[in-house]
Amino acid sequence: MNNRDNYNFETLKQALKLKRHEVPPPGYFQKFSGKVISRIHAGDSGGRQSFNERLQYQAPWLANLFQLFETKPGLIGAFAIASCLVLVLGVVLAERSDSAPKDLMATADSAAENSNAENPSLLAPMLTAASDTSGGIVSSTNPVVSLQPAATLFGQQNPLFQPAAFAPAGN
Amino acid sequence: MTEPVAIPDANEPAGMLEGDLVRHARRGDLAAYDELVRRYQERIYATIYHMTANHDDANDLAQESFIKAYQALKTFKGGSSFYTWLYRIAVNKTINFIKQRKNKYHLSLNDLDINAENDPDLVALVSHKTPSRDAGLSELQKKLNESLLKLSEPHRMVVILHDIQGMSHEEIAEIAGCNVGTVRSRLFYARQQLQGDLAEYMKPA
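Protein chains in written order, with our numbering: chain F, 1 to 171; chain P, 172 to 376.
The set of hints was computed from the structure by calculation and includes no laboratory data. Note that this is a predicted model, so its numbers are computed, not measured. Where a beta carbon is used, it is the ideal one built from N, C-alpha and C, also for glycine. Wrong hints could be hidden among the right ones.
As the list claims (entries may be wrong) - Cβ-Cβ distance ranges computed for the label pairs, FRET-style: (1) F/L87 x P/S279: 50 to 56 Å; (2) F/F29 x P/R194: 53 to 59 Å; (3) P/K313 x F/P25: 17 to 23 Å.
Stated by the list, open to error - List time: in silico DSSO-like cross-link candidates among lysine-lysine, alpha-carbon distance up to 27 Å: (4) F/K35 x P/K245; (5) P/K314 x P/K270; (6) P/K314 x F/K13.
The shape of chain F in the complex, shown without the other chains (with noise of 0.2 Å):
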């Protein structure tokens, strides 16, 4: 059976070789590469240039990766559900980097509330110049401690965010 597979694509061969005698008119190729210099002279840019040519050149992997995705479709969903997978990732971690300043409040409070339980005497003042003012407006000198992260995810600088620095007052 193999030998008869052997034979037939012998002979298949030789009737392939009748297209090597398939030649084009005669002194076509003396001007051919006249024709493609005086192109190239008169700025031709070698026809029009499709989507996929242009990612060839410029970007072979992403072709490669084109071209992997049409020979198994199957891909497609894979790298989608990874897509996902990473996104879901990446919310997951803004989360959890947006508990950490509560924390930080969480303790700016209780060290406050320690420092005022300690000496109450500190308060008074503040309170009193808190019931002074006409809007009930409480001020203090405490730093305040945002919710905000000071950067987004993508390293921009947050513009509600406004770093404030206290320097101590005389002496």
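Let chain F serve as the given structure and place chain P on it in line with the hints.
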């Protein structure tokens, strides 16, 4: 008295090595690029022609492939030979063209050269079909091209590069960007398809 043999001058494009020609062409030397075109024009044209079975399309695509290669020369890093790189450009361009054209095939076949009628293998193939060699070969030519066009582009490319252009599996793998095993399996499948389609010619005499 014998004629003196012209020795190519290494400083002239015709006498330069491929690597030197590529270096000169990258610097904008069109004479060097002209020489590169002359060296590969027949093989590039033939590959595209066999893929499309249309002389006009092959003419346009071959010219565009050389123009594209000239413009992309700066991105040629020399990881493969210029010849392989050029082939890759031409094959990709042709496959993109065929995909855009979809299934609208229009045969525009070149004439057979005079040697075809004297090829004993070809004569044996058509002799049992018709006593006229010329008519028999023309019929086989048409049938062969139609059968090739029925193959998918990757299968057609492999059978053309291997069985018609005489390239090795390794060279084809490099051009197609796949492994040698894939080339072999594509070649086997393509041959089987062609054999089935050309069954009437495949009978032993």
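Structure-based check of each hint:
1. F/L87 x P/S279: 50 to 56 Å: For P/S279 against F/L87, whose Cβ atoms are near 52 Å apart, the range 50 to 56 Å holds.
2. F/F29 x P/R194: 53 to 59 Å: violated (25 Å)
3. P/K313 x F/P25: 17 to 23 Å: 19 Å Cβ-Cβ, so the 17 to 23 Å window holds.
4. F/K35 x P/K245: holds (22 Å)
5. P/K314 x P/K270: holds (22 Å)
6. P/K314 x F/K13: holds (15 Å)
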